[in-house]
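Given next are the chains, with one letter for each unit.
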Amino acid sequence: MAGFDKRVSSYEEALEGLADGMTILAGGFGLCGIPENLIAEIKRRGNRDLTVVSNNCGVDGFGLGLLLEDRQISRMIASYVGENKLFEQQLLNGELEVELTPQGNLAERVRAGGAGIPAFYTATGYGTQVAEGKEVREFDGRNYVLEQAITGDIAIVKGWKADTYGNVIYRHTAKNFNPLMATAGKITVVEVEEIVEAGELDPAEIHTPGIYVDRLICGTFEKRIEQRTIRA
Amino acid sequence: MALSREQMAKRVACELKDGFYVNLGIGIPTLVANYVPDDISVMLQSENGLLGMGAFPTEEEIDADMINAGKQTVTARTGASIVDSAESFAMIRGGHIDLTVLGAFEVDAQGNIASWMVPGKLVKGMGGAMDLVAGAENIIVTMTHASKTGESKLLSKCELPLTGAGCIKRVLTDLAYLEIENGTFILKERAPGVSVEEIAEKTAGPLVIPDYVPEMAV
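Residue numbers (full-length UniProt numbering), protein chains in the order written: chain A, 1 to 232; chain B, 1 to 218.
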């Protein structure tokens, strides 16, 4: 009996069922807190025509940038995609479609998706291109735009520690979009640096409760740094 | 003389108050952190989820899991907290940030701002800029008064695609500090040695010039 034990034994098993044309929700901000081994496994599996929802699209040769190499992504929902030559090229060729979404809207749309809220009004983007074609409504004299929730077929998430029941803790700013993506996938797969026995983590310190997590795996991470800045 | 980037940062820093939570954009706004007066304490918010951004790390302190919204490695200061992206933007959208400072390509007399896209150039995305301008009550835009080719960036109507509509009330350029009210720019201060005439000439949008326009202290 597995009970609440969410552990799987391989990355292959972690992404079982991922099929062409699916929507993937990926945690991370830049290269910080990205599920790097799960991304590598998607590349190995070779699924195509994927829609990927992530704040950014990695860099050339690392993170989600890897999935551009074999043209696995056909649609991207992101807030900023500036660090990637291959991305630029595929966008200009028309091989890749992009929906640019303000960062706060992206976060809230995924949060709403995971929380069963189909849409919400926000002032962000009112009067800009982002609001074109969307319902606008006035509340207390101010205009707000209706933004729809985002959910996905599979969420890929990077945590720091988890217990065997899939209760997850993130480390520092590697938290970012990860806990949100974890709530909004039909199947949520979390990779972490360490798995401990259930009961070893303080219940009050859990960021993502196991109820959101379907599969859990322990990996090793390169954790590449995008902008290495130090003080003298 | 037009203000240097550092002088602009220093002037913006005069607007900081003790106990402020502040979001600083990329470029000149980032420099504001270097001019926080010694006798006050402010907490810098970085929209990737760090409230209480500290200095850059030393070589020994570098941590891939600790970055700011510019993806630079940073540290957390005393009293910092770290939240997810939805909570970070809830702070912004909910009006909890006391001051936001960000750059722009253009601002107009209706308080519109354009800062994220130039048609014909590759569009990289708006990041958190649209959320910040819509969510914050107190915003200061920093930019040069005119482009390198002399085109005014203070317009009657923004020509570039907007980041936000009707949300900007204060602008600091390298020549002047201006406020926006009732569809016009109001000249409040001028950079040391810069004439009111020069500012008027380089402001394309409607401009109200009070009888006395003091030089700013920088």
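No wet-lab data here; the hints were simulated from the structure.
Heads up, some of the hints might be wrong.
Straight-line alpha carbon distances no greater than 25 Å define the calculated BS3-like cross-link-like pairs of lysine-lysine that follow [to be verified]:
#, chain 1, residue 1, chain 2, residue 2
1, A, LYS223, B, LYS148
2, A, LYS161, A, LYS134
3, A, LYS134, B, LYS188
4, B, LYS148, B, LYS202
5, A, LYS85, A, LYS223
6, B, LYS157, A, LYS85
7, A, LYS223, B, LYS121
8, B, LYS71, A, LYS161
9, B, LYS124, A, LYS85
10, B, LYS157, A, LYS134
11, A, LYS85, B, LYS121
Now the hints, each set against the structure:
For the proposed pair LYS223 of chain A and LYS148 of chain B, the alpha carbon gap of about 40 Å is over 25 Å, so the pair is violated. Taking the CA atoms of LYS161 of chain A and LYS134 of chain A, the gap is about 40 Å. The hint is violated against a cut of 25 Å. The suggested pairing of LYS134 of chain A with LYS188 of chain B is violated, with an alpha-carbon distance near 38 Å, which exceeds 25 Å. Between LYS148 of chain B and LYS202 of chain B, the direct Cα distance comes to roughly 12 Å. Compliance with the 25 Å bound is thereby established for this hinted pair.
A C-alpha spacing of about 21 Å is found between LYS85 of chain A and LYS223 of chain A, which places the hinted pair at or below 25 Å, so the restraint holds. Between LYS157 of chain B and LYS85 of chain A the CA atoms are separated by roughly 34 Å; this puts the pair beyond 25 Å, and the hint is violated. Distance hint between LYS223 of chain A and LYS121 of chain B is unfulfilled; the C-alpha atoms sit about 32 Å from each other, more than 25 Å. The hinted pair formed by LYS71 of chain B and LYS161 of chain A meets the criterion: a straight-line CA distance of about 23 Å does not exceed 25 Å.
For the given pair, LYS124 of chain B sits about 11 Å from LYS85 of chain A by alpha-carbon distance, which is consistent with the 25 Å threshold. In summary, the hint linking LYS157 of chain B to LYS134 of chain A is supported, as the alpha carbons are separated by about 23 Å, within the 25 Å threshold. The suggested pairing of LYS85 of chain A with LYS121 of chain B holds, with an alpha-carbon distance near 14 Å, which does not exceed 25 Å.
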